[in-house]
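Engineer: Chains as they are written, first to last, in our numbering: chain A, 1 to 334; chain B, 1 to 248.
In short, the hints are calculated from the structure, not lab data.
In this text the structure is predicted, and so the values were computed from the model without any measurement.
With a cut-off of at most 30 Å between alpha-carbon atoms, the simulated BS3-like pairs for lysine-lysine come out as follows:
#, chain 1, residue 1, chain 2, residue 2
1, A, Lys199, B, Lys50
2, B, Lys197, B, Lys109
3, A, Lys333, A, Lys303
4, B, Lys214, A, Lys159
5, A, Lys333, B, Lys243
6, B, Lys196, B, Lys109
7, B, Lys219, A, Lys47
8, A, Lys63, A, Lys199
9, B, Lys87, B, Lys20
10, B, Lys52, B, Lys102
11, B, Lys102, A, Lys105
12, B, Lys16, A, Lys159
13, B, Lys219, A, Lys127
14, B, Lys32, A, Lys293
15, A, Lys303, A, Lys225
16, A, Lys225, B, Lys16
17, A, Lys303, B, Lys241
18, A, Lys47, A, Lys70
19, A, Lys199, B, Lys102
20, B, Lys102, A, Lys159
21, B, Lys50, B, Lys109
22, A, Lys296, B, Lys219
23, A, Lys63, A, Lys105
24, A, Lys199, B, Lys109
25, B, Lys243, A, Lys176
26, A, Lys296, B, Lys245
27, A, Lys127, B, Lys214
28, B, Lys87, B, Lys50
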Amino acid sequence: MQGLVRAVRRFGCSNFQRRFASTLVIAEHDNSALNAITRSAVTAASKLGGDVDLLVAGNNCDKVVEEAAKISGVKRVLKASAPHLERRLAEELEALILHAQNSNKYTHIMGASSACTKSVLPRVAAKLDVNQISEVIAIESEDTFVRPIYAGNALATVKSSDAVKVMTTRATSFDKAEMNGSASVEEISSAAVGASEWKSEELSKSDRPELTAANVIVAGGRGLKSSENFQMLYKFADKLGAAVGASRAAVDAGYMPNDAQIGQTGKVVAPDLYFAIGISGFTGAIQHLAGMKDSKTIVAINKDPDAPIFQVSDIGLVDDLFNVVPTMTEEIKK
Amino acid sequence: MRALVGVKRVIDYAVKVRVKGDGSGVETAGVKMSMNPFCEIAVEEAVRLKEKGILKEIIAVSIGPAQAQETIRTALAMGADRGMHVKHDDILQPLAVAKLLKAVAEKEKPDMILLGKQAIDDDCNQTGQMLASLMGWPQATFASKVDVEGSNLTVVREIDGGLETIGMKLPAVITTDLRLNEPRYATLPNIMKAKKKKIDATDPAELGVDVSSKLQTVKVVEPPTRQAGGVVGSVQELMAKLKEKSLI
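So that you can see chain A by itself, here it is in the shape it has in the complex:
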């Protein structure tokens, strides 16, 4: 059967081509470890019902390739390892993905939504003269998708008749694929483009779990009043093995770095447990909710009983966070 599909594809019988999806997923990694959001993208790709290839583009990324090959549902891992791909600059990745597309004629090209995929996939879509569908949260069929608009205040169902569907998927909307697969590995390459140059990076170092992957998140807002006071949240988070996030107000006030921002234009999270501490929701309510309202249980701690955050929380506590947080931290110790 696989042979037939391939033969049909090779000879370009368009009716058959349309029926058999084949998807290229872009892996997210840092050259040493695979980011778990890749596994959510593979789950999304598997819903399309065809072969799934996973592209690992980087440099000295053998460990990532090894991990990638274990993701259930992946048929082939396309490994592209070269110095010009190390930093996954958009122009370099674009050339590589277009090369893979030329050789394999995928019906779908996608990746979990990240700074990297958001930068490169629209470039790929434009070159293929197709639309991109951003932040897909549900796949209804191989051409019909659901995505949030207006900061998640409306859900749009869109249908694409483009020849190739290029999309990003929201990692929190798809379960992570299991790790008991055994994909084959194939090497591919593309010439360096050299349009832009990576100079340096400044990553926020933390021993805590990554925000988008954490099961528990402790998020602070302007109510924390200073970056020093965030230490109190860190202590609490460490007791829970939680990640620490922030509202835009807290980031703008300089209490937390930008990459900790949760919201429409920051990170979208959906942990099992979300603590909104000193986040009233009075300012930027719509935008903050866009980033966290799919959390399973939301706990809000705020001294203002009228704070809009209480309208979405499962458990609310009206009290001064400076009393509550240390007490909670103590309680967990017991």
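Guided by the hints, dock chain B onto chain A, whose structure is given.
Structural biologist: Then chain B, alone, in the frame of chain A:
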């Protein structure tokens, strides 16, 4: 040097949108509209580059219905030199917008194009990247710091784990993140002056761009709502509840 800045008219960020009963979209009639916040940041950055003597001219371009002129006027009041209005009444996908901006750019020959990283209505985050790709230019997306020296552009980008600095040669497309700058308010004298600045008008046909799309919106619905869960009286009660649910 010359910059093209794309600005979009969207429902004001503070408005809670309402989905239309027939599922065709969200209600825009009688709703407060403003310039997309990320576009304001793009205009502000261009004006600052002009104040530093790097840019000579800033052209603000908007694609949309007649009212998009107001958005262009706002950009002119902030310091853009002239405007370009591409008249089109229907909602366009980023691909069509990128093609239109490319056509405008081919006429105006800018050295850089500044756009917001995303519009807060469609939340696509695509136009700048598509435009860069169509132009064959490098891109600097999610910029939180922009430095121009001669034809060298250095941009600090907001990425998932922190910040990244990249360099490239102009011409390039830059898309702005929230932290790039604090946009200025247009003062009354500047708003008056902006009325005298020129806005040229064109349309997709005149630009020779096919804006038809193979992406159709089937329906738009309200997201599922969350029920407020009530409040507890004490920390102990809160902890007990979380333990009961085996969350901690």
